[in-house]
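Required output: the full structure, derived from the provided sequences and hints.
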Amino acid sequence: MLYIFDMGNVIIDIDFKRVLGVWSNFSGTPLATLTERFSMGEVFQKHERGEISDEEFAAELCHELGIALSFEQFSLGWQSVFVGLRPEVIEIFKTLRQQGHRVVVLSNTNRLHLDFWPQNYPEIEANTDAIYLSQNIGMRKPEPGIFQHVLAHEGVSAGEAVFFDDVIENIEAARAVGIESVWVEDNQTVPKYFS
Numbered sequence: 011m012l013y014i015f016d017m018g019n020v021i022i023d024i025d026f027k028r029v030l031g032v033w034s035n036f037s038g039t040p041l042a043t044l045t046e047r048f049s050m051g052e053v054f055q056k057h058e059r060g061e062i063s064d065e066e067f068a069a070e071l072c073h074e075l076g077i078a079l080s081f082e083q084f085s086l087g088w089q090s091v092f093v094g095l096r097p098e099v100i101e102i103f104k105t106l107r108q109q110g111h112r113v114v115v116l117s118n119t120n121r122l123h124l125d126f127w128p129q130n131y132p133e134i135e136a137n138t139d140a141i142y143l144s145q146n147i148g149m150r151k152p153e154p155g156i157f158q159h160v161l162a163h164e165g166v167s168a169g170e171a172v173f174f175d176d177v178i179e180n181i182e183a184a185r186a187v188g189i190e191s192v193w194v195e196d197n198q199t200v201p202k203y204f205s
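Take the sequence shown: its position 106, counted from the start at 1, is 116 in the working numbering, and no numbers get skipped.
The set of hints was computed from the structure by calculation and includes no laboratory data.
Certain hints may be false.
[Claimed, not checked] Quick list of the computed label-pair ranges, beta carbon to beta carbon:
#1 A78 - L124: 23 to 29 Å
#2 F126 - G169: 33 to 39 Å
#3 W193 - T45: 21 to 27 Å
#4 A69 - Q129: 24 to 30 Å
#5 K27 - Q108: 36 to 42 Å
#6 K202 - E65: 19 to 25 Å
#7 H163 - S63: 24 to 30 Å
#8 A136 - R47: 37 to 43 Å
#9 L41 - T105: 37 to 43 Å
#10 G94 - W193: 37 to 43 Å
#11 E182 - A136: 27 to 33 Å
#12 E82 - G169: 45 to 51 Å
#13 Q198 - A140: 25 to 31 Å
Please read all numbers here as calculations on a predicted model, not as lab measurements.
Glycine residues also receive a C-beta, built at the ideal position from the N, C-alpha and C atoms.
Shown next, in the form of structure tokens:
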């Protein structure tokens with residue numbers, strides 16, 4: 011079997027409030043104001059598809075939020091999204107691979123985060139067979155093409171794959187392609203599935 015795992019809130023706990031908290035401190039803009047203005051809109055999606063640079067992304071998002079930050083301040087905030095690894099999921103990866111299954115990551119991500127998580131969480135790369143990233147593929151979940159891309163690269167049919175993600179739209183999109191999909195609602199979902 012091919013087991014496909016999203017990264018954020020599946021393998022690593024993430025929290026966008028932490029990002030906005032750092033930007034709030036740097037800019038002096040109230041957190042409530044930033045929370046109101048922040049959305050994962052067009053700029054966010056373009057960045058995850060690799061269509062705009064990190065610098066363009068930072069400039070456009072700061073403009074949307076109405077704050078002035080240096081690129082370094084922006085980046086510090088952006089990296090603070092990561093809370094910590096879910097070690098129990100890494101243990102599951104080890105077991106699955108020992109049983110002869112393939113374990114891959116499929117994540118909507120961007121170059122800025124790529125400068126951070128591989129160094130800080132080397133366990134992910136060490137315990138997976140492949141990592142598929144939206145910005146390298148030029149597509150992002152929930153676009154059906156990104157799921158077909160992974161299946162084609164892995165040489166498996168949809169019926170031979172199971173997908174785990176914390177975003178219901180991504181789950182529905184994977185199911186529409188024919189992949190059994192598990193909505194990860196909390197840190198117990200994945201261990202329960204495999205128990």
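Assessment of proposed distance window 19 to 25 Å (beta carbons of K202, E65): violated (42 Å)
Supplied distance hint 37 to 43 Å, evaluated on CB atoms of A136 and R47: Given range 37 to 43 Å: holds, Cβ gap about 38 Å.
Beta-carbon spacing of G94 to W193 - inside the hinted bounds 37 to 43 Å or not: violated (22 Å)
Range hint compliance [Cβ, A69 to Q129, 24 to 30 Å]: holds (25 Å)
Assessment of proposed distance window 21 to 27 Å (beta carbons of W193, T45): holds (25 Å)
Cβ distance range 24 to 30 Å for H163 and S63, holds or violated: holds (26 Å)
Range hint 33 to 39 Å (beta carbons of F126 and G169) holds or violated: holds (35 Å)
27 to 33 Å as the expected CB spacing between A136 and E182, which holds or is violated: holds (31 Å)
23 to 29 Å as the expected CB spacing between L124 and A78, which holds or is violated: holds (26 Å)
L41 versus T105 beta-carbon gap, inside 37 to 43 Å or not: Taking Cβ atoms as reference, L41 and T105 lie about 41 Å apart, which means the hint holds.
Hint check for G169 and E82 - Cβ pair distance inside 45 to 51 Å: holds (47 Å)
Cβ distance range 25 to 31 Å for Q198 and A140, holds or violated: The hinted range 25 to 31 Å holds for Q198 and A140, with Cβ atoms some 26 Å apart.
Violation of the numbered hints given earlier is confined to hints 6, 10; the remaining hints are satisfied by the structure.
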